[in-house]
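A.B. asks: First to last, the sequence lines map onto chains A and B. Residue numbering for the first sequence follows the numbering used here, starting at 20 and increasing by one per position. Residue numbering for the second sequence follows the numbering used here, starting at 55 and increasing by one per position.
If you are wondering where the hints come from, they were derived from the structure by calculation, not from laboratory data. Be aware that a few hints might be false.
Claimed, not checked - If you want a taste of the chain B side facing chain A, the calculated C-beta under 10 Å gives, among others:
1. Leu66
2. Arg71
3. Ala81
4. Ser107
5. His169
6. Ala205
7. Asp208
8. Ala271
Claimed, not checked - To give an idea of the chain B side of the interface with chain A (calculated C-beta under 8 Å), a few residues:
9. Leu97
10. Thr137
11. Gln140
12. Ala178
13. Ala206
14. Phe219
15. Ile220
16. Ile222
17. Ser224
18. Ala255
Built from N, CA and C at the ideal position, the CB exists for glycine as well.
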Amino acid sequence: MITLEFLYRLMGILTAAAALINLRDRTNQNRVPNASFWGLWSVSFLFGSYLPDLANGVLILGMVAVATLRGVRAGTDDSTTSAERIASARRWGNRLFLPALAVPVFTLLANATIGHLTIDGTPLVQPKQVTLVALGVATLASLAIGMLMLRPPARAPFTEARRLLDAVGWAAMLPQLLAALGAVFAAAGVGAAVSTLASAAIPSGAPLLSVAAYTIGMALLTMLMGNAFAAFPVMTLGIALPLLVTGMHGDPTIIAAIGMLSGFCGTLMTPMAANFNLVPVALLDLPDRYAVIRVQVPTALLLLVVNTALLYFLAFPR
Amino acid sequence: MLVLSGLLVVVLGFAFRVNPLLVVTVAGLVTGLTGGLGFLKTLATLGHAFTESRYVAIVWLVLPVIGLLERAGLKERAREVVTGMQRATAGRVLLAYLALRQVTAALGLVSLGGHPQMVRPLIAPMAEGAAERDVHDIDDATRHLVRAHAAAADNIGVFFGEDIFIAIGSILLIKGVMEQAGIIVLPTRLALWAIPTAIAAFVVHGARLLLLDRRLAARNTRAA
Chain A
20 MITLEFLYRL MGILTAAAAL INLRDRTNQN RVPNASFWGL WSVSFLFGSY
70 LPDLANGVLI LGMVAVATLR GVRAGTDDST TSAERIASAR RWGNRLFLPA
120 LAVPVFTLLA NATIGHLTID GTPLVQPKQV TLVALGVATL ASLAIGMLML
170 RPPARAPFTE ARRLLDAVGW AAMLPQLLAA LGAVFAAAGV GAAVSTLASA
220 AIPSGAPLLS VAAYTIGMAL LTMLMGNAFA AFPVMTLGIA LPLLVTGMHG
270 DPTIIAAIGM LSGFCGTLMT PMAANFNLVP VALLDLPDRY AVIRVQVPTA
320 LLLLVVNTAL LYFLAFPR
Chain B
55 MLVLSGLLVV VLGFAFRVNP LLVVTVAGLV TGLTGGLGFL KTLATLGHAF
105 TESRYVAIVW LVLPVIGLLE RAGLKERARE VVTGMQRATA GRVLLAYLAL
155 RQVTAALGLV SLGGHPQMVR PLIAPMAEGA AERDVHDIDD ATRHLVRAHA
205 AAADNIGVFF GEDIFIAIGS ILLIKGVMEQ AGIIVLPTRL ALWAIPTAIA
255 AFVVHGARLL LLDRRLAARN TRAA
C-alpha cells in the first residue's frame with residue numbers, strides 16, 4: 020500500500036541531493052551551513068518515522084541553529100543563462116506551459132482515480148492519504164513529461180530543485196514547524212485558556228457588539244494561532260453559541276459560515292500563516308518579509324467589516 | 055494562564071522581526087515548559103509533532119518540475135505572452151487570475167494554483183512583464199509591489215472561493231464542531247452562505263487591482 024512514507028522518501032532524496040550539491044559547490048561561501056540544513060531535514064524525512072521523538076526534536080534544534088546563526092544562502096547556480104532562457108522560450112513557445120499545467124491536471128485525475136485501485140482486495144493507496152499521494156504522483160508524471168520534452172542533462176531536476184530550495188531558504192521548513200507548534204499548543208491547552216479569557220471579556224448588551232466580538236475575535240485569534248481552523252472551535256463554542264445563537268436566536272449555519280470567513284481575513288494578516296504569507300516572499304525574492312501581508316491588509320480589513328455587517332443583517336430574525 | 059506565554063513569544067518575536075524559525079521553536083519550548091513538561095519531554099513533544107507534520111512540506115515535491123521549466127525559459131515565455139497583449143495590464147492580469155482562482159476553488163479545484171507552482175513561474179512574471187512594458191524605467195520597489203500583489207491574488211482567490219465547495223476541509227470542520235455542540239448544519243447551506251463574502255472579496259480586491267493599474271500609470275506621468 021502506498022502511504023505518505025513514499026512521499027517522505029521522495030522529499031528525503033530531494034533534500035539530500037540539495038545537501039550534497041551544496042557541499043560540493045565551492046563557489047558558495049555558505050555551502051556547509053546550506054548542506055547541514057538540507058541534510059538534517061533529509062534525515063527527518065528518511066528516518067523520522069523510526070527515530071525516537073527526542074532525536075527528532077534534536078534535528079529541529081540543529082536546523083534552527085544553522086538557520087539562525089549562519090542562514091541558508093543561494094550561491095552561484097549552474098542553471099541556464101538569461102540569454103539561453105530567452106532563446107529556449109522562443110524555441111518552445113507555449114508548449115512550455117504543458118508540463119506546468121500537467122501538475123494540477125494530473126493531480127485532479129489521480130485524485131479521482133487512485134483511491135479506487137485495489138490489489139487483491141487491499142487498496143493501492145492508503146484511503147486517508149489519497150489527496151497528498153495524488154499530488155506526489157502528479158509531480159512525478161509531470162517531471163517525466165518535462166524530461167522527455169526538454170531533454171536536459173539527467174542531473175538537471177536535482178540541480179534545479181537545489182537552486183529553488185536555496186532561493187526559498189529556511190522559509191521552506193517554517194510551515195511544517197508551525198504545524199508542529201499548533202499541535203503543541205493544542206496539547207498544552209492553549210485553546211482552552213484563550214476560550215476562558217475570551218468568555219470573560221465578552222461585552223454584553225448591544226447586538227452589534229456581540230456580533231463584532233465574534234467576527235473580530237475570529238480574525239484576531241486566527242492571527243495568533245496561524246490558522247482559522249484552530250480559532251474556529253474556540254470562538255464559536257465560546258462566543259457565537261452562547262451569545263449569538265442562544266442569546267439572539269441567530270441562524271447557526273449563517274453564523275458559522277461567516278465566522279469562518281472572518282477567520283480567513285485574519286489569515287491574510289499574520290506571519291503565522293507562513294505558507295501563504297512568508298513562503299511567497301522567499302519564492303518571489305522580495306526584500307520586505309511582510310510585503311505580501313502589507314498588500315493584503317486593506318482587503319482583509321474591508322472584508323472583515325463586510326462580514327460583520329453580513330452577519331448582523333442576515334443571521335437574525337427581524 | 056501561564057500556558058499562554060508561548061503566544062506572547064510569538065507576538066513579540068514577529069513584532070521584532072526575529073528569525074521566525076527561532077521564534078516558533080522558542081514558543082513551542084516555552085509552551086511545554088510552562089505546561090510543566092520539562093525540557094526533554096517538551097523537545098520530544100515538538101519532535102513528534104514536527105515528524106507528524108511532514109506532510110505539510112510535500113508541496114515542495116513540485117520544485118524539480120518548476121526548476122526544469124524555469125531553466126527552459128518558462129518565466130520568459132509567460133512574460134512574452136503578456137507583453138504582446140497591450141490591453142493586459144498588471145492589474146487586469148491579476149484580476150483575471152483572481153477570478154479564475156476563486157471560480158476553480160469554488161468547484162473544488164484548489165490544486166489549480168499555489169505559490170510554487172503557479173505564482174512564481176507564471177502569474178508573477180506575467181504581471182511584472184506587463185508592468186515593465188507600461189511603466190518607463192520601472193524601479194525595484196514597483197517590481198516588488200507587483201510581485202507581492204501576485205501572491206496576494208492567489209491567497210485571496212483561494213480563501214474566498216474554497217468555502218463555496220461543500221467537501222472542503224473548512225466546511226467539514228464547521229459541521230463537526232457544530233455537531234459536537236448538538237447543532238446539525240448542512241454543508242450545502244454553509245456553502246451557500248459563503249457566497250455573499252466571496253462576491254464582496256472579488257469586488258473589493260478587484261477594485262484594488264484596478265487601482266494598482268492607476269498607481270502604476272501615475273508613476274509614468276510623474277516621471278514624464
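A.B. asks: So, as I understand it, the hint says Ala178 of chain B touches chain A; can you test that by seeing if any CB pair is closer than 8 Å?
C.D. replies: holds (6 Å)
A.B. asks: Hold the hint about Leu66 of chain B up to the distance rule: shortest CB distance to chain A must be less than 10 Å.
C.D. replies: Violated, because the Cβ-Cβ distance from Leu66 of chain B to chain A comes to roughly 12 Å (cut-off 10 Å).
A.B. asks: Does Gln140 of chain B pass the interface hint, meaning its C-beta sits closer than 8 Å to a C-beta of chain A?
C.D. replies: violated (19 Å)
A.B. asks: Hint validation: Leu97 of chain B versus chain A, beta carbon distance must be below 8 Å. Holds or violated?
C.D. replies: Since chain A brings a Cβ to about 4 Å from Leu97 of chain B, closer than 8 Å, the hint holds.
A.B. asks: Would the hint on Ala206 of chain B stand, with a C-beta cut-off of 8 Å toward chain A?
C.D. replies: Interface hint status for Ala206 of chain B: holds (4 Å vs cutoff 8 Å).
A.B. asks: Is the hint on Phe219 of chain B kept, meaning its closest Cβ partner in chain A is under 8 Å away?
C.D. replies: violated (13 Å)
A.B. asks: The hint names His169 of chain B as touching chain A; please verify it with the least Cβ-Cβ distance against 10 Å.
C.D. replies: holds (4 Å)
A.B. asks: Would you settle whether the hint for Arg71 of chain B is holds or violated, based on the nearest Cβ-Cβ distance to chain A being less than 10 Å?
C.D. replies: holds (7 Å)
A.B. asks: Take the shortest C-beta to C-beta distance between Ala271 of chain B and chain A; is it under 10 Å?
C.D. replies: violated (18 Å)
A.B. asks: So, as I understand it, the hint says Ala255 of chain B touches chain A; can you test that by seeing if any CB pair is closer than 8 Å?
C.D. replies: holds (6 Å)
A.B. asks: Go through the hint on Asp208 of chain B and say holds or violated, using the shortest Cβ distance to chain A against 10 Å.
C.D. replies: Cβ of Asp208 of chain B sits 8 Å from chain A, so the hint holds.
A.B. asks: Using 8 Å as the Cβ threshold, decide whether Thr137 of chain B counts as touching chain A.
C.D. replies: violated (12 Å)
Violated hints for the displayed structure, listed by number in ascending order: 1, 8, 10, 11, 14, 15 and 16.
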